[in-house]
Amino acid sequence: MDDRTGTKAAGACWRLSPPPFAVKFANLVFTLALTFIGLTAVTFIIGRVMPADPVLAIVGDRAPKEVYEAVRLQLGLDKSLLQQYWIYVSSVLHGDFGRSIMTTQPVLDDMIRFFPATFELASVATILGILFGLPMGVLAAVRQGRLTDHIVRVVGLLGYSVPIFWLGMVALLIFYARLDWLPGPGRIEVYYDGIVDPVSGFILLDSALQGEWEVFRNALSHIVLPASMLATYALAYIARMTRSFMLDQLSQEYVITARVKGLSEIAVIWRHAFRNVLIQLITIIGLTYASLLEGSVLTETVFAWPGIGQYITNSLFNADMNAVIGGTVVVGISFVGINMLSDVLYRIVDPRARV
Amino acid sequence: MSENVAGASWKGRGLRAWLLVDSPESLFHARCQRLYLSWRAFSANPIAMTGLLIIVALVLAAIFAPLITGGNGTEQVLGDRLLPPGAAHWLGTDELGRDIYQRIVWGSRITLYIVGLVAIIVVPIGMVIGTVAGYVGGWVDNVLMRFTDIFLAFPRLILALAFVSALGPGIENAVLAIALTTWSPYARLTRAETITIRNSEYIMAARLQGASRLRILYGHVVPLCVSSVVIRLTLDMAGVILTAAGLGFLGLGAQPPLPEWGAMISTGRQFLLDQWWVATIPGIAIFTVSLGFNLLGDGLRDVLDPKSEGRA
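First to last, the protein sequences are chains A and B. Per this note's numbering, residue 151 is the first one in the first sequence, and the count goes up by one each step. Per this note's numbering, residue 1412 is the first one in the second sequence, and the count goes up by one each step.
Calculated from the structure, these hints are not laboratory results. Each hint should be verified, as a subset may be incorrect.
[Unchecked claim] Computed from the model, here is a short list of chain A residues facing chain B with C-beta under 8 Å: (1) Thr-193; (2) Leu-232; (3) Leu-466.
[Claimed, not checked] If you want the footprint, here are the derived chain A segments under chain B, 3+ residues with CB under 8 Å: (4) 333 to 345; (5) 373 to 387; (6) 447 to 454; (7) 469 to 478.
[To be verified] Here are some chain B residues the structure puts well away from chain A; computed CB gaps all over 10 Å: (8) Ala-1577; (9) Ala-1590; (10) Pro-1596; (11) Pro-1634; (12) Phe-1660; (13) Leu-1702.
Bear in mind the structure is a predicted one, so any value in this text is a computation, not a measurement. All residues carry an ideal CB built from backbone N, CA and C; glycine is no exception.
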């Protein structure tokens, strides 16, 4: 009797409140919108409000008064700040970041041209980080408190501490200038440039799909050094988190059960504990990927990698504010997007997070 | 009576006995004991001690820079350009004949200046927002945390780049840019701590005694957040040093002739192939100091945060 009223009440409750998935989705959209507003507000303040005189930056100090006034009106600087912000947001939503002074192209076109190189670099670096970081983390957890564990800990701390742009320079000095094992800066040798149609923009992927193996090999030899430099941070972070998650899992009761059943240590670690670790690692890998995307700024400068980081720094030195702000917004949006995506993925994969 | 006996047990047996006696006699005695016990746990940790050693060396180098080097790191001797490391110039000279060893030592002042300024800006802002959000709760919490989340979601280096490009290069602007993107984790951290502390019984007791909100917050809640903030700050300092060096490398941080390590790498880059030491040595300095903060933070976490013992 009591039981039945209980289920009835629960059922009624279900009908009154929206399904939990819809609530989560609405929450996500709300957070995303808020972050977008924040990002545009900060870049608006940086690009339009903070420079002493944006008009002067464009026309130069020798321009006659009429030209100055015309540009001022054109930029909408006679309107209130709130109106200016509104115009800025709506143009960003239309993908209009203005023109780059340096390339004379619309900033969005430049972004589309430069972004794949950065994505390729960050992807290879993340893959390298996972390949080395995961086993290191698992090993450290299994051998907790022993020499292996300490070594992994120190390697992790080294990876956190090294200035990657400096490491990249030293690596270029050793492997390119002295030993001549690897090619120098750049994404690909000039004479291989333009052989492959840029379908995805990832040279490695495009050349492999089109069967141009020589191009593939050249591109691969070029990406090895910058990607490994970028991967030091990813490796440190992934190894550390894997260790901590793994220790957590190994102390759970199901692991003891598995051992009592007489399963081999390999089966216990990889088939039981590691599977649960993998789910938690999705978020960590997402975070790593996003941070490598922005961390590539300095690496790209050192390795002359034609990606978004180099684009932003070059624009910086040419006082190309449209390009800088556009680049910041695009990187910011992909940063937030990847983090959100990994969060959603985590909820889908882990049944516990869905409750 | 028994207190007297316990109190007397350390008498005449030196400082160590006084520090280890079971029942402290005053607040001061208890604090000294607590400090001593933490120090014992801390000094038994080789990782933490290595870190501490590096940071102490950095601070000493910064304080005694004129004494150690006998110069100011900006004297140019154009006849001694790009000399390799040797007896006269331990770490060689740069493109203007300046002694690199002198410049590294003087550069430690700039590094400490940046790190200190960022800490002074970031910690109070983060802690005030975090404690208020956690203690007051409700819509205040919601608004403050949404605001924090926005900053948490930003890509750090890129935003710092954009910020410096608008304000113009320079140390102070670099510090502002770094601080702008560093404060938000502190707000999250202190909020989480405050929420757990808020519901404990001694806060209830303080409230029943009629303590004001402000007194509870800054007399009872904040002191308990300090240890986790200190850990986080130490670990963050490594990242701050790397970001500052990166900005310096791009020419957006400290301007020449200041001996900032990142900027030194940037000028040394032109001579990398033939005079490797010009760019390599400042990098080693950055690496060492950043490692020092990481080691210290990692060790502090072991000592101050019993929850994470043996973990992460």
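_Broken hints, by number_ = 2, 4, 5, 8, 12 and 13
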